[in-house]
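Top line first, the protein sequences correspond to chains G and Y. The first sequence begins at 0 in numbering that gives the first Met the number 0 and counts up by one. The second sequence begins at 0 in numbering that gives the first Met the number 0 and counts up by one.
Possibly wrong hints are sitting among the right ones.
Unchecked claim - Here are some chain Y residues pointing at chain G (derived, C-beta under 8 Å): (1) Glu155; (2) Ser183; (3) Thr186; (4) Phe188; (5) Arg190; (6) Asp208.
Source of the hints: derived by calculation from the structure; they are not laboratory data. By construction, the Cβ of each residue, glycine as well, lies at the ideal position given by its N, Cα and C atoms.
There are 2 protein chains.
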Amino acid sequence: MTVMNIPMPREQLERIVRQVVRERLSTGGAAPVGAYSPNLVVNTSARHMHISPEHLQTLFGHGAELTVYRWLYQPGEFAAEQTVTVIGPRRRMIEKVRILGPARPASQIELSGTDAIALGIDAPVRPSGQASGTPGCVVMGPAGVVQLDQGVIRAERHVHMPPADADYYGFQDGQYVRLRVISSCTTMFERVLCRVDPKFLLEVHIDTDEANACDLPNATSVELLA
Amino acid sequence: MTVMNIPMPREQLERIVRQVVRERLSTGGAAPVGAYSPNLVVNTSARHMHISPEHLQTLFGHGAELTVYRWLYQPGEFAAEQTVTVIGPRRRMIEKVRILGPARPASQIELSGTDAIALGIDAPVRPSGQASGTPGCVVMGPAGVVQLDQGVIRAERHVHMPPADADYYGFQDGQYVRLRVISSCTTMFERVLCRVDPKFLLEVHIDTDEANACDLPNATSVELLA
Numbered sequence: 000m001t002v003m004n005i006p007m008p009r010e011q012l013e014r015i016v017r018q019v020v021r022e023r024l025s026t027g028g029a030a031p032v033g034a035y036s037p038n039l040v041v042n043t044s045a046r047h048m049h050i051s052p053e054h055l056q057t058l059f060g061h062g063a064e065l066t067v068y069r070w071l072y073q074p075g076e077f078a079a080e081q082t083v084t085v086i087g088p089r090r091r092m093i094e095k096v097r098i099l100g101p102a103r104p105a106s107q108i109e110l111s112g113t114d115a116i117a118l119g120i121d122a123p124v125r126p127s128g129q130a131s132g133t134p135g136c137v138v139m140g141p142a143g144v145v146q147l148d149q150g151v152i153r154a155e156r157h158v159h160m161p162p163a164d165a166d167y168y169g170f171q172d173g174q175y176v177r178l179r180v181i182s183s184c185t186t187m188f189e190r191v192l193c194r195v196d197p198k199f200l201l202e203v204h205i206d207t208d209e210a211n212a213c214d215l216p217n218a219t220s221v222e223l224l225a
Numbered sequence: 000m001t002v003m004n005i006p007m008p009r010e011q012l013e014r015i016v017r018q019v020v021r022e023r024l025s026t027g028g029a030a031p032v033g034a035y036s037p038n039l040v041v042n043t044s045a046r047h048m049h050i051s052p053e054h055l056q057t058l059f060g061h062g063a064e065l066t067v068y069r070w071l072y073q074p075g076e077f078a079a080e081q082t083v084t085v086i087g088p089r090r091r092m093i094e095k096v097r098i099l100g101p102a103r104p105a106s107q108i109e110l111s112g113t114d115a116i117a118l119g120i121d122a123p124v125r126p127s128g129q130a131s132g133t134p135g136c137v138v139m140g141p142a143g144v145v146q147l148d149q150g151v152i153r154a155e156r157h158v159h160m161p162p163a164d165a166d167y168y169g170f171q172d173g174q175y176v177r178l179r180v181i182s183s184c185t186t187m188f189e190r191v192l193c194r195v196d197p198k199f200l201l202e203v204h205i206d207t208d209e210a211n212a213c214d215l216p217n218a219t220s221v222e223l224l225a
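Build the full structure now, drawing on both the sequences and the hints.
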């Protein structure tokens, strides 16, 4: 059997070449001493809120500040001790939704699809910060309540990476790439948004539905592909 | 640029050939008149219980029978009007878990990963019916309670197909195949268990986490691949 006459899309060819190169680089013998290999981390992003300074005052009282519960993988980001209750249009609610700090210009609630259905909110899949036209909800804190007019989303799966890792993979900021999680239910997540910034460490964020779908806690390996 | 010297795995070659053949068959002009094309259906399987005749009597009373709430896609299968409450080890519970009929030799509870975590049950991914070594739970009905010693699983994603469709795709019973769901969060589910039986209609079952992960309700197309 000969394969020469099968036309191969350039994209597919590039993927194979990249994979071969990576494999060569990652096996001991043939690799140049000190060859760089990124440390790919995949983390699950549970439901959370990003909060504006104004809403922080309303929900937690005048002069309130976020305090660190746990530092996250991205430098400077943290899970706060503060949590809120998120209430949907049919008065269904989810308690103890954790705030991620530091505060941001606009408040935003990131839910999984399962959460959104439970609350009765038709939350669209959006990159963080793209709140235009998204639904709102009621948020309750210990000192008050705010009505968000928009900002309830399912965060689009994405990968944070510094420029050196973007170079390694051959990815650009804004490009969609693929994440393969190998487990008892191996899954290839396509349309993973690539976000490149010198402040970032290499880390993929998927939501709890996605993590459960691929059984991330029991995964044996993960890889990023064009 | 020439691609002739790139060795291509046979598996990948076969995939491409199959895809090209399918595309040719599915576009009007070149296809032979009456060419067969399977009707691929992907459905979400929400949490549910399969019940044994004995447990039916205990939970719903002596002489109780399942009654049809809604017929399912697979011939003879139905969602029953009867529901139960499933209770985990830390007394957390999920109410209104629907029973699927007809009754089966052994009771089984199929949950999503999100459900299992909410209940505090470490449910493994298993094909339906493979209950050995799986955790149990307490099930409560209107007439009584049963303690299941085992049978709480996350159902392994699978595709039901009749032999004609298995022939069309070139799949065997027990083989793992791939499902691609094209949407705003396109996902390739690998390790989809292929179940071939003359009684089946062609239908993929994924759980609610998987359906949310790929935004199945808003998918534009689905395809099965080797």
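Here's how the hints hold up against the structure:
1. Glu155: 7 Å, holds
2. Ser183: 5 Å, holds
3. Thr186: 6 Å, holds
4. Phe188: 6 Å, holds
5. Arg190: With Cβ-Cβ at 5 Å, under 8 Å, it holds.
6. Asp208: 4 Å, holds
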